[in-house]
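S.K.: Each chain, written out:
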Amino acid sequence: AQSVSQHNHHVILSEAASLELGCNYSYGGTVNLFWYVQYPGQHLQLLLKYFSGDPLVKGIKGFEAEFIKSKFSFNLRKPSVQWSDTAEYFCAVIRGGYNKLIFGAGTRLAVHP
Amino acid sequence: DGGITQSPKYLFRKEGQNVTLSCEQNLNHDAMYWYRQDPGQGLRLIYYSQIVNDFQKGDIAEGYSVSREKKESFPLTVTSAQKNPTAFYLCASTRSLDGRTGSNYGYTFGSGTRLTVV
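So the sequences go chain by chain: L and Y. Just add 246 to the spot in the first sequence (first one is 1) and you have the numbering used here. Just add 1216 to the spot in the second sequence (first one is 1) and you have the numbering used here.
Rather than coming from a laboratory, the hints here were simulated on the basis of the structure. The structure presented is a predicted model; accordingly, all values stated were derived computationally and were not measured. Honestly, I wouldn't trust all of these hints.
Said to hold, decoys possible - Away from chain Y, derived, C-beta distances all over 10 Å, residues of chain L:
hint, residue
1, 252
2, 262
3, 270
4, 274
5, 285
6, 310
7, 357
Claimed, not checked - Here are the simulated DSS-like pairs of lysine-lysine, each with C-alpha atoms no more than 27 Å apart in a straight line:
hint, chain 1, residue 1, chain 2, residue 2
8, L, 346, Y, 1225
9, Y, 1299, L, 307
10, Y, 1230, L, 346
Even glycine gets a Cβ: it sits at the ideal position worked out from N, Cα and C.
Next comes chain L alone, as it looks inside the complex (with noise of 0.2 Å):
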C-alpha cells in the first residue's frame, strides 16, 4: 500500500491561476514532511518542510503547505503560478524516530501562457 498518496499525476493550468496539490500520509504518530520540486533537466530542491510548530509552512518561489494532522495531510498551494512552475512535485513524510524519507509518486504540473 502507498505510504505517501499525491491525488494527482498531471496537472494543468494556465498562467496566473490558483494551485493545490494533494498529500495524504498513512502514519500515525510524529511525521516530518516534505515538498520537493524537479525542474525539466535540474536536480530535486527542496521547496519547504514541516517539523513542528505553526502547521501553514512557507517555502520559496511563493509556495505554502498547510498541515493538517487529523486528515494526514499535507497540501502545497500557490495562489498565482508562473510558466517557470512547470514542473514535477514531489510529497515526502519521515515517520518521526525513523530517519527514512518515503516519497509520493509525483504530480507533473504544467503551467501554460
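Mind docking chain Y on chain L? Use the hints.
M.R.: Here is chain Y on its own, set in the frame of chain L:
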C-alpha cells in the same frame, strides 16, 4: 562547498553485466540513501545506511547491492539479477536524527546517474 557527487552522469550497460554507481559526500553526514526514479512512480528507496559498515534494504532492494566501508562513500551495484535496471538513480545523505526531538534535519541529494541497459 559541501555536497554529494554522483558519477558518472550517464551510464550504459550491456545486459548481464554488473555496474557500480558512485556516491560520495563531504558533508560529514551519517546516513546515506539510494533511490530509483521512474516516471509516474516517484522515488523509491533501494538501500540506506545509517552508519558505517551497516545498511538496510529499502522497498526495492532485489537485484541491487551496496557497501558502506567509509562514512563519505556509499556505492550501489546494479547486478544482472535486476530485471529492469534502466532508470534514474539518486543518492542522498542526511545527518542523524535530532536526539532530543527525533526530527530529521533535511536531506541533500546528488545530481543523479541515468543508467541505460543496451
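S.K.: Give a verdict on every hint.
M.R.: Against the structure, the hints come out as follows:
Separation of residue 252 of chain L from chain Y is inadequate, the least Cβ-Cβ distance of about 8 Å not exceeding the 10 Å criterion. The Cβ of residue 262 of chain L lies farther than 10 Å from every Cβ of chain Y, with a closest approach of about 28 Å, so its non-interface assignment holds. At roughly 14 Å from the closest C-beta of chain Y, the C-beta of residue 270 of chain L stays outside 10 Å, upholding its exclusion from the interface. For residue 274 of chain L, the non-interface assignment is confirmed: its Cβ lies about 14 Å from the closest Cβ of chain Y, beyond the 10 Å cut-off.
For residue 285 of chain L, the non-interface assignment is confirmed: its Cβ lies about 13 Å from the closest Cβ of chain Y, beyond the 10 Å cut-off. The claim that residue 310 of chain L is not at the interface with chain Y holds, since no C-beta of that chain comes within 10 Å of its own (minimum 18 Å). The claim that residue 357 of chain L lies off the interface holds: its Cβ sits roughly 19 Å from the closest Cβ of chain Y, which is beyond the 10 Å cut-off. Note on residue 346 of chain L and residue 1225 of chain Y: the hinted pairing holds, with a Cα-Cα distance of about 25 Å set against a maximum of 27 Å.
For the proposed pair residue 1299 of chain Y and residue 307 of chain L, the alpha carbon gap of about 40 Å is over 27 Å, so the pair is violated. A distance of roughly 32 Å separates the Cα atoms of residue 1230 of chain Y and residue 346 of chain L; the hinted pair therefore is violated under the 27 Å criterion.
Checked against the numbered hints given earlier, this structure breaks hints 1, 9, 10; the rest are met.
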